[in-house]
Amino acid sequence: MLIAELPDFMDDIAFQGLIGLSMAMYLWLISAGLTIIFGVLRIINFAHGSLFMMGAYLAFTFYGQLGLPFWLAILLSLLGVGLLGLVMERGFLRRIYGIDEAYQLLLTFGFILILDDAVKIIWGGVFKIPAIPPFLDGAWRVFGRSFPVYNAFVIAVGVAVAVGLWALFEKTWWGRIVRATASDREMANAIGVNVPRVFSGVFVFGSMLAALGGALGTPVRVVAPGIGAAMIIQAFIITVIGGLGNLKGAFVASLIVGILSAYGTLFFPVFELFLIFAIMAVVLLLRPQGLFAR
Amino acid sequence: MKKGVGILSVLFVLTLLLLPASPAEAQCQLGVPVIKIGVQGAASGPHADYGRQIEMGATMAIEEINAAGGILGCKLEIKFMDDENKAATGVKNARYLVAEWGAHFMVGTDSSGVAMAMGPVLAELKRIHFFTHAATHRLTEELVAGKGIKEIVRVSVPVYQDAIVAALIFKDRPEIKRWATIGADYEYGYVTWNLFKETLRKYRPDAEFVAAVWAPFLTLDFSPHVSAVMAQKPDAILATPWAGEAVMLLRQALIQGVFDSQIQAWWQAMGGSVDVLEGIASEVQRDRFKGKLWATARYIHNWPDTPENKAFNERFRKRWARLPNYSAETTYSALFIIKAAVEKSRSLETPKVIEGLKGMQINNPGGLRVFRAEDQQFIYNVPAGRVVMDPKYPIPVLGDLKVFAAKDYYRHPPFTPVAATK
Numbered sequence: 001m002l003i004a005e006l007p008d009f010m011d012d013i014a015f016q017g018l019i020g021l022s023m024a025m026y027l028w029l030i031s032a033g034l035t036i037i038f039g040v041l042r043i044i045n046f047a048h049g050s051l052f053m054m055g056a057y058l059a060f061t062f063y064g065q066l067g068l069p070f071w072l073a074i075l076l077s078l079l080g081v082g083l084l085g086l087v088m089e090r091g092f093l094r095r096i097y098g099i100d101e102a103y104q105l106l107l108t109f110g111f112i113l114i115l116d117d118a119v120k121i122i123w124g125g126v127f128k129i130p131a132i133p134p135f136l137d138g139a140w141r142v143f144g145r146s147f148p149v150y151n152a153f154v155i156a157v158g159v160a161v162a163v164g165l166w167a168l169f170e171k172t173w174w175g176r177i178v179r180a181t182a183s184d185r186e187m188a189n190a191i192g193v194n195v196p197r198v199f200s201g202v203f204v205f206g207s208m209l210a211a212l213g214g215a216l217g218t219p220v221r222v223v224a225p226g227i228g229a230a231m232i233i234q235a236f237i238i239t240v241i242g243g244l245g246n247l248k249g250a251f252v253a254s255l256i257v258g259i260l261s262a263y264g265t266l267f268f269p270v271f272e273l274f275l276i277f278a279i280m281a282v283v284l285l286l287r288p289q290g291l292f293a294r
Numbered sequence: 001m002k003k004g005v006g007i008l009s010v011l012f013v014l015t016l017l018l019l020p021a022s023p024a025e026a027q028c029q030l031g032v033p034v035i036k037i038g039v040q041g042a043a044s045g046p047h048a049d050y051g052r053q054i055e056m057g058a059t060m061a062i063e064e065i066n067a068a069g070g071i072l073g074c075k076l077e078i079k080f081m082d083d084e085n086k087a088a089t090g091v092k093n094a095r096y097l098v099a100e101w102g103a104h105f106m107v108g109t110d111s112s113g114v115a116m117a118m119g120p121v122l123a124e125l126k127r128i129h130f131f132t133h134a135a136t137h138r139l140t141e142e143l144v145a146g147k148g149i150k151e152i153v154r155v156s157v158p159v160y161q162d163a164i165v166a167a168l169i170f171k172d173r174p175e176i177k178r179w180a181t182i183g184a185d186y187e188y189g190y191v192t193w194n195l196f197k198e199t200l201r202k203y204r205p206d207a208e209f210v211a212a213v214w215a216p217f218l219t220l221d222f223s224p225h226v227s228a229v230m231a232q233k234p235d236a237i238l239a240t241p242w243a244g245e246a247v248m249l250l251r252q253a254l255i256q257g258v259f260d261s262q263i264q265a266w267w268q269a270m271g272g273s274v275d276v277l278e279g280i281a282s283e284v285q286r287d288r289f290k291g292k293l294w295a296t297a298r299y300i301h302n303w304p305d306t307p308e309n310k311a312f313n314e315r316f317r318k319r320w321a322r323l324p325n326y327s328a329e330t331t332y333s334a335l336f337i338i339k340a341a342v343e344k345s346r347s348l349e350t351p352k353v354i355e356g357l358k359g360m361q362i363n364n365p366g367g368l369r370v371f372r373a374e375d376q377q378f379i380y381n382v383p384a385g386r387v388v389m390d391p392k393y394p395i396p397v398l399g400d401l402k403v404f405a406a407k408d409y410y411r412h413p414p415f416t417p418v419a420a421t422k
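Those protein sequence lines, which keep their order, are chains A and B.
My numbering numbers the first residue of the first sequence as 1 and each following residue consecutively.
My numbering numbers the first residue of the second sequence as 1 and each following residue consecutively.
Read the hints as simulated data drawn from the structure, not as lab findings.
No false leads were slipped in.
With a straight-line cut-off of 25 Å between C-alpha atoms, the simulated SDA-like cross-links for lysine to any residue are:
#, chain 1, residue 1, chain 2, residue 2
1, B, Lys-233, A, Asp-12
2, B, Lys-233, A, Phe-143
3, B, Lys-422, A, Phe-267
A few chain A residues that don't get close to chain B, going by computed Cβ distances all over 12 Å:
#, residue
4, Gly-91
5, Val-157
6, Ala-160
7, Leu-165
8, Trp-174
9, Ala-180
10, Asn-189
11, Pro-196
12, Leu-244
13, Val-282
14, Val-283
15, Leu-286
16, Gln-289
Listed next, with one range per pair, are the computed distances between beta-carbon atoms:
#, chain 1, residue 1, chain 2, residue 2, range
17, B, Pro-307, A, Asp-117, 35 to 45 Å
18, A, Ala-293, B, Arg-319, 49 to 59 Å
19, B, Arg-317, A, Asp-117, 24 to 34 Å
20, B, Glu-355, A, Asp-100, 54 to 64 Å
21, A, Ala-160, B, Ala-281, 28 to 38 Å
22, B, Arg-201, A, Val-270, 19 to 29 Å
23, A, Phe-271, B, Gly-73, 51 to 61 Å
24, A, Glu-170, B, Glu-100, 53 to 63 Å
Don't be surprised by glycine CBs; every beta carbon is placed ideally from N, CA and C.
Go ahead and model the full structure; you've got the sequences and the hints to work with.
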């Protein structure tokens, strides 16, 4: 009896892993931006979840309200949030780099409140959800079950971003400059790197990654005030597990959290929420600097 | 000169004392400048439409009551506050509304958790709160009938609607045997599932409960929950995430092919709410749910088919350009219940108003509500049905309605405990 059921059971396990992988990719996109910003600017940006939310709202406006193609709506939302990031960095964050970290917390927390209220004023308090783009609707038969094309798309985007970020930081001039600045900003400055400009560029880039995470899910997740707060906690857990400022760590930790929480839902639904915090606690106990931090 | 100023001052003060009170106070037979109603609801996050609808219902009610002369000549005023679906915020708001703003009554509250935290505080504040959405049965069974907190009055049907009505409908579907839940990971989700199981077992000893997964507030990805319950091959799913979360859940279930599978029915608790129906309208139009989606609500805009309800719908659409959801109707009705109770008791004092509620039967847009003194609930019928399109409405409605008499699905005192745990 058990053996007869085994193939089905194995299929269910494999399928749940795939679902977990798609969850992990959303987490990866938001935590990648957070960890890059911390790695270079040494700023813990509590408003990163709000940038995720802004990405979702702008994508909804361009795609759901103005009827632009989905990919174009995503692109425009990245640009819009990038611009917002530029204003935040140039106008505000730049003024607190050298002072106590408590000011970072206060300032970025202030942005959460301002942006949450701003979206309520602009888009109202009621959630929004546009139609699924036809080319992403439907499902493929995988492990005897229906795997959504949409989730496959999210996995593809997440992997593409991971490869793109690796290439950007390892293979390009700009990537080397950024790494040099992250490693020693005084030295980078001394050899002629325009550090303030690098800071702005990195903050804008990190903001755009958050926006991508938000925009990508618009047709299957609702857009509402407060969704940023839901994401930022998970993103922080991931960056802590992976090691603050470590991109590879953020990717691996996203996979761990996404896939294990999917399995937690399958095998231990009563304790699933506890599982993620337990992983973080174990990592903090055994390796407080995170899995991949040096 | 100084003497003249002194006489003038005395005359001025005397004049002030002899002047009648302001016209509003003179008119008001209860001796207050205005009757203040504190209103609370969730006005942020995926559940924000409920708070908004609570506010719309309350606003429309006081506009109508004030236009008709107020309550015993006293005008009404409301103050709406966002409780953010958080117990601490709800309690803080209640304290502010009573102690600082001076509320005579309070109305609203969406979350069961918020309601349970507020209950004991209401006894301390000595103000009645008319609950118009929060659904845990424990609010009225434990805090009112059990602990005797008279400041709690419930105007909306509790989880009896979500759980017991589901069991009464599906007990007669012998092909549906294996049940799973995708539950809200808090009090409302737990009590609905436990009460559903308890009721269905009485009628269908063959029923199996094969999976239960839980999603907390602000869940954005229900994919793992859907796939986990589908792994157990249930015949039907009972889902309790509500509002925007219900819309997300349904859409994510659709793209996982749930409605093309062996699933015979999906019971979406509170899926008959206007925001949910708006959110899934395009899928219903395209029959993506294949007639398998069932829903309920604490009032549905297309029932009862009475002139009063139609007129209420028309006024509401004219005022707000939307259809009323249940938290709007229940809050609107709560204001008229306050009016009737104050007019009967001719007082704003809590014990006298509670006396005024006793024996009350009142016709609201949702139909006849009857006050039950033992647990201080207003009891009324709400049907459940299948989510369908109706050419008369711009959004889906509940059709194929199953109407049960309220006495058949409300629990009755003395109450036996139902677990509020997973």
